[in-house]
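Q: All chains, full assembly: derive it from the sequences and hints.
Listed below, chain by chain, are the residues.
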Amino acid sequence: DVKVTQSSRYLVKRTGEKVFLECVQDMDHENMFWYRQDPGLGLRLIYFSYDVKMKEKGDIPEGYSVSREKKERFSLILESASTNQTSMYLCASSMPLGAYEQYFGPGTRLTVT
Amino acid sequence: AQTVTQSQPEMSVQEAETVTLSCTYDTSESNYYLFWYKQPPSRQMILVIRQEAYKQQNATENRFSVNFQKAAKSFSLKISDSQLGDTAMYFCAFMGYNNNDMRFGAGTRLTVKP
Numbered sequence: 004d005v006k007v008t009q010s011s012r013y014l015v016k017r018t019g020e021k022v023f024l025e026c027v028q029d030m031d032h033e034n035m036f037w038y039r040q041d042p043g044l045g046l047r048l049i050y051f052s053y054d055v056k057m058k059e060k061g062d063i064p065e066g067y068s069v070s071r072e073k074k075e076r077f078s079l080i081l082e083s084a085s086t087n088q089t090s091m092y093l094c095a096s097s098m099p100l101g102a103y104e105q106y107f108g109p110g111t112r113l114t115v116t
Numbered sequence: 131a132q133t134v135t136q137s138q139p140e141m142s143v144q145e146a147e148t149v150t151l152s153c154t155y156d157t158s159e160s161n162y163y164l165f166w167y168k169q170p171p172s173r174q175m176i177l178v179i180r181q182e183a184y185k186q187q188n189a190t191e192n193r194f195s196v197n198f199q200k201a202a203k204s205f206s207l208k209i210s211d212s213q214l215g216d217t218a219m220y221f222c223a224f225m226g227y228n229n230n231d232m233r234f235g236a237g238t239r240l241t242v243k244p
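In order, the protein sequences belong to chains L and B. Just so we're aligned: 106 in this note's numbering is position 103 of the first sequence, and the numbers increase by one with no gaps anywhere. Just so we're aligned: 235 in this note's numbering is position 105 of the second sequence, and the numbers increase by one with no gaps anywhere.
Derived from the structure by calculation, the hints contain no laboratory data. Among the hints, erroneous ones may be present.
[Stated by the list, open to error] For each label pair, taking beta carbons as the anchor points, the in silico distance ranges come out as:
hint	chain 1	residue 1	chain 2	residue 2	range
1	B	Ser210	L	Met30	27 to 33 Å
2	L	Thr116	B	Glu140	25 to 31 Å
3	L	Arg76	B	Ser204	34 to 40 Å
4	L	Ser70	B	Gln138	37 to 43 Å
5	B	Ser160	L	Glu82	23 to 29 Å
6	B	Pro170	L	Phe23	44 to 50 Å
7	L	Phe23	B	Asn229	35 to 41 Å
8	B	Gln138	L	Lys60	15 to 21 Å
[Stated by the list, open to error] Once the Cα atoms are required to be at most 25 Å apart in a straight line, the calculated SDA-like pairs of lysine to any residue come out as:
hint	chain 1	residue 1	chain 2	residue 2
9	B	Lys185	L	Pro99
10	L	Lys56	B	Gly226
11	L	Lys74	B	Ile176
12	L	Lys21	L	Arg47
13	L	Lys6	B	Asn192
14	L	Lys6	B	Asn230
15	L	Lys16	L	Asn34
16	L	Lys6	B	Ser158
17	B	Lys185	L	Glu104
18	L	Lys6	B	Met219
19	B	Lys243	L	Pro99
20	L	Lys74	B	Gly226
21	B	Lys208	L	Leu44
22	L	Lys6	B	Ile179
23	B	Lys203	L	Gly43
24	B	Lys200	B	Ser158
25	L	Lys60	B	Asn228
26	L	Lys6	B	Ile176
27	L	Lys6	L	Val22
28	B	Lys200	L	Glu104
29	L	Lys58	B	Lys243
30	B	Lys203	L	Lys74
31	B	Lys208	L	Gly45
32	L	Lys74	B	Gln174
33	L	Lys60	B	Asn229
34	L	Lys6	B	Lys203
35	L	Lys74	L	Leu44
36	L	Lys60	B	Lys243
37	L	Lys6	B	Arg173
38	L	Lys6	B	Gln181
39	L	Lys58	L	Asn87
Just so we're clear, the structure is a prediction, and the values are computed from it rather than from any experiment. By construction, the Cβ of each residue, glycine as well, lies at the ideal position given by its N, Cα and C atoms.
A: Here's what the structure looks like:
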């Protein structure tokens, strides 16, 4: 059974803190993605990675960075958390190219106070 | 850039009835893929159905089917015999033929009423 896991379901951080969100997949997928989900806006792509140490900016990369040191793990980093980064963060993975579905993690609801 | 529009923020349907969720998209590409994803309350997003643009036949998965109108750039989802477990957010998504990333619509919250 395919699985994408995220390190936390709920997280509360203070403004200015450095925040790490971890995602692990066990399907040997090349592609991994980080999305932000907000009501009325759907899912917006922050960053994605198509290979180890490779990354590409999505639609809203400002204020975020990513790290992919191993194929199965993709980390999202908020260097200095701000209140406007309060959101649901979803990680996903997929095979490269083609009509391959993305498999999603359960999400991390981050609150920045 | 491709955009995906879901014009119905919320919908409801009686159990056992049929409901159709709308989705339109904008692209200049001729080959691409379209998806419907379901996100149940507090649960993970899962794929419902996918359609390849070069296939004229509409995709079907059990009670779920699509009406793909390529010229109109429309991709609606029909749920037949609605069940309480169909209550969820539904997202329409677009992916270019040679792309890795998807574009999602804003979602439609569907409630199935007993």
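Q: Hint by hint, say whether it matches the structure.
A: Okay, the hints, checked on the actual structure:
| no. | hint | verdict |
| --- | --- | --- |
| 1 | Ser210/B <-> Met30/L: 27 to 33 Å | holds, 31 Å |
| 2 | Thr116/L <-> Glu140/B: 25 to 31 Å | holds, 29 Å |
| 3 | Arg76/L <-> Ser204/B: 34 to 40 Å | holds, 39 Å |
| 4 | Ser70/L <-> Gln138/B: 37 to 43 Å | holds, 38 Å |
| 5 | Ser160/B <-> Glu82/L: 23 to 29 Å | violated, 41 Å |
| 6 | Pro170/B <-> Phe23/L: 44 to 50 Å | violated, 27 Å |
| 7 | Phe23/L <-> Asn229/B: 35 to 41 Å | violated, 28 Å |
| 8 | Gln138/B <-> Lys60/L: 15 to 21 Å | violated, 31 Å |
| 9 | Lys185/B <-> Pro99/L | holds, 21 Å |
| 10 | Lys56/L <-> Gly226/B | holds, 24 Å |
| 11 | Lys74/L <-> Ile176/B | holds, 22 Å |
| 12 | Lys21/L <-> Arg47/L | holds, 21 Å |
| 13 | Lys6/L <-> Asn192/B | holds, 24 Å |
| 14 | Lys6/L <-> Asn230/B | holds, 19 Å |
| 15 | Lys16/L <-> Asn34/L | violated, 28 Å |
| 16 | Lys6/L <-> Ser158/B | violated, 34 Å |
| 17 | Lys185/B <-> Glu104/L | holds, 17 Å |
| 18 | Lys6/L <-> Met219/B | holds, 21 Å |
| 19 | Lys243/B <-> Pro99/L | violated, 39 Å |
| 20 | Lys74/L <-> Gly226/B | holds, 24 Å |
| 21 | Lys208/B <-> Leu44/L | holds, 23 Å |
| 22 | Lys6/L <-> Ile179/B | holds, 19 Å |
| 23 | Lys203/B <-> Gly43/L | holds, 21 Å |
| 24 | Lys200/B <-> Ser158/B | holds, 12 Å |
| 25 | Lys60/L <-> Asn228/B | holds, 17 Å |
| 26 | Lys6/L <-> Ile176/B | holds, 12 Å |
| 27 | Lys6/L <-> Val22/L | holds, 23 Å |
| 28 | Lys200/B <-> Glu104/L | holds, 21 Å |
| 29 | Lys58/L <-> Lys243/B | violated, 44 Å |
| 30 | Lys203/B <-> Lys74/L | violated, 36 Å |
| 31 | Lys208/B <-> Gly45/L | holds, 20 Å |
| 32 | Lys74/L <-> Gln174/B | holds, 22 Å |
| 33 | Lys60/L <-> Asn229/B | holds, 13 Å |
| 34 | Lys6/L <-> Lys203/B | violated, 33 Å |
| 35 | Lys74/L <-> Leu44/L | violated, 30 Å |
| 36 | Lys60/L <-> Lys243/B | violated, 41 Å |
| 37 | Lys6/L <-> Arg173/B | holds, 13 Å |
| 38 | Lys6/L <-> Gln181/B | holds, 24 Å |
| 39 | Lys58/L <-> Asn87/L | holds, 24 Å |
Hints 5, 6, 7, 8, 15, 16, 19, 29, 30, 34, 35, 36 from the list above are not met by this structure, while the remaining hints are.
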